[in-house]
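Protein chains in written order, with the working numbering: chain A, 341 to 569; chain B, 23 to 155.
It is possible that part of the hints are untrue.
As the list claims (entries may be wrong) - Listing some non-contacts, in silico: residues in chain B with all C-beta distances to chain A over 10 Å:
| no. | residue |
| --- | --- |
| 1 | HIS27 |
| 2 | HIS55 |
| 3 | THR85 |
| 4 | ALA115 |
| 5 | SER137 |
| 6 | PRO148 |
| 7 | GLY155 |
To be verified - Covered stretches of chain B, as calculated for chain A (at least 3 residues, CB under 8 Å):
| no. | stretch |
| --- | --- |
| 8 | 105-114 |
| 9 | 118-129 |
These aren't lab readings, by the way, just hints derived from the structure by calculation. These numbers come from a predicted model, not from an experiment. Cβ atoms here follow ideal geometry from the backbone N, Cα and C, with glycine treated the same way.
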Amino acid sequence: MSAPRRTRFLRDNGLTLAFLLLLLLSLVAQAFTGVTEFNQQQVVDGAQQVSLWQYVASSSFGVDVAENWQSEYLQFALYIVATVWLVQRGSSESKKLDEIGTQSDKEQLVGRHAESDSPAWARAGGLRTALYGRSLGGVMAFYFLMSLAAQSVAGRAAYNLGRLHQHEDPVTWLGYATSADFWNRTTQNWQSEFLAVASMAAFAIYLRQRGSPESKLVGASHEATAQDA
Amino acid sequence: MRPRHLGTAAGVLLLPVLLAACDSTARQDGAAHVAGRFAAAVDAGDGATACGLLTERARESVTGATDATCAAAVLNVHEQHGSARGVSVWGDAAEVRVGTDVIFLLRVNKRWLVSAAGCTRQPSAPYKCDVDG
Numbered sequence: 341m342s343a344p345r346r347t348r349f350l351r352d353n354g355l356t357l358a359f360l361l362l363l364l365l366s367l368v369a370q371a372f373t374g375v376t377e378f379n380q381q382q383v384v385d386g387a388q389q390v391s392l393w394q395y396v397a398s399s400s401f402g403v404d405v406a407e408n409w410q411s412e413y414l415q416f417a418l419y420i421v422a423t424v425w426l427v428q429r430g431s432s433e434s435k436k437l438d439e440i441g442t443q444s445d446k447e448q449l450v451g452r453h454a455e456s457d458s459p460a461w462a463r464a465g466g467l468r469t470a471l472y473g474r475s476l477g478g479v480m481a482f483y484f485l486m487s488l489a490a491q492s493v494a495g496r497a498a499y500n501l502g503r504l505h506q507h508e509d510p511v512t513w514l515g516y517a518t519s520a521d522f523w524n525r526t527t528q529n530w531q532s533e534f535l536a537v538a539s540m541a542a543f544a545i546y547l548r549q550r551g552s553p554e555s556k557l558v559g560a561s562h563e564a565t566a567q568d569a
Numbered sequence: 023m024r025p026r027h028l029g030t031a032a033g034v035l036l037l038p039v040l041l042a043a044c045d046s047t048a049r050q051d052g053a054a055h056v057a058g059r060f061a062a063a064v065d066a067g068d069g070a071t072a073c074g075l076l077t078e079r080a081r082e083s084v085t086g087a088t089d090a091t092c093a094a095a096v097l098n099v100h101e102q103h104g105s106a107r108g109v110s111v112w113g114d115a116a117e118v119r120v121g122t123d124v125i126f127l128l129r130v131n132k133r134w135l136v137s138a139a140g141c142t143r144q145p146s147a148p149y150k151c152d153v154d155g
């Protein structure tokens, strides 16, 4: 890839690439801090300390990653679907008040209303268009369920390791999936995601971030939604 | 993707799963073997062998504040020689039932060692163990 093309690629995909880089850096930082904390507990339990790589491959690291991932995907899945039906007057995060619902084929540019550059499945009609029209929320929901399942499996392994260290019987998957540990980890992540969404929807009515598509124009009315502004 | 490539890809994806399954079985067998040896040694009055299978903390818990040697004190643990069953391994820890006893083990330097033995179940609490390391 030539230098100008590489520069253009980085500019065109900057948002995704920057956040993937932040994800990677955060995972590395989580691994280093996590292994320190894990090894402190190993000493308390009279067990051997582990290396960074052993920790990264462990259920303890896995559950800590999965529990955060599932809550993020839940947040986006719910937000994507909820904003079809729920609106917030004056918020840049909401569509117009009279656009509640899935809207008409004409408004959504599907079927015979598709344009020349519309995706093939938007033009196809029938089941393919119905599926494609729900693919964003659907994929987010799928990743949420997969992450939640991974959390339950890795969480059970980490929980049972702790129980054996404390000389207690391990629990079954169902026992863990209905345990206080599983639901405490889960709900403490969920509450923060819901707070973030509610804050964003409400703050965006009155506050502005110049140049951000997440904000209304600085001079836009408090009454205006993103599309109006 | 051609069928041969599909098979190779499936093999590459399944290999770690198969290796993990084999490792898990080997760990269970290893923990069961050590728990069985410990119970048999105590049952046979072979305190030296039994002590050699304890973690450092477990050895300290056996002798406690007494002047008794580990090899003598460990024989006070009630053990009944029998086949190991109900083996449960999670990470570097294991639980094995031998006879009427529940034995807990830790994996130290790639060896399974007994961390607790002579354990009695307590309602809503950790087991109460004669050896508790």
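Hints and how they fare:
With a minimum CB-CB distance of about 25 Å to chain A, HIS27 of chain B clears the 10 Å threshold, and the non-interface call stands. Chain A leaves HIS55 of chain B outside its interface by the beta-carbon criterion, the shortest separation being 18 Å against a cut-off of 10 Å. Listed as a non-interface residue, THR85 of chain B keeps its Cβ farther than 10 Å from every Cβ of chain A; the least gap is roughly 16 Å. Listed as a non-interface residue, ALA115 of chain B fails to keep its Cβ farther than 10 Å from every Cβ of chain A; the least gap is roughly 4 Å.
The beta carbon of SER137 of chain B sits about 7 Å from the closest Cβ of chain A, which is not more than 10 Å, so the claim that it is off the interface is violated. Against the 10 Å criterion, PRO148 of chain B falls within the reach of chain A, whose nearest CB is about 5 Å from its own CB. The beta carbon of GLY155 of chain B sits about 6 Å from the closest Cβ of chain A, which is not more than 10 Å, so the claim that it is off the interface is violated. For a cut-off of 8 Å, the count of residues in the stretch 105-114 of chain B with a CB near a CB of chain A stands at 4, and the three-residue condition holds.
Beta-carbon proximity to chain A at under 8 Å applies to 3 residues in the stretch 118-129 of chain B; the threshold of 3 is reached and the given coverage holds.
Taken one by one, the earlier hints fail for this structure at numbers 4, 5, 6 and 7, listed in ascending order.
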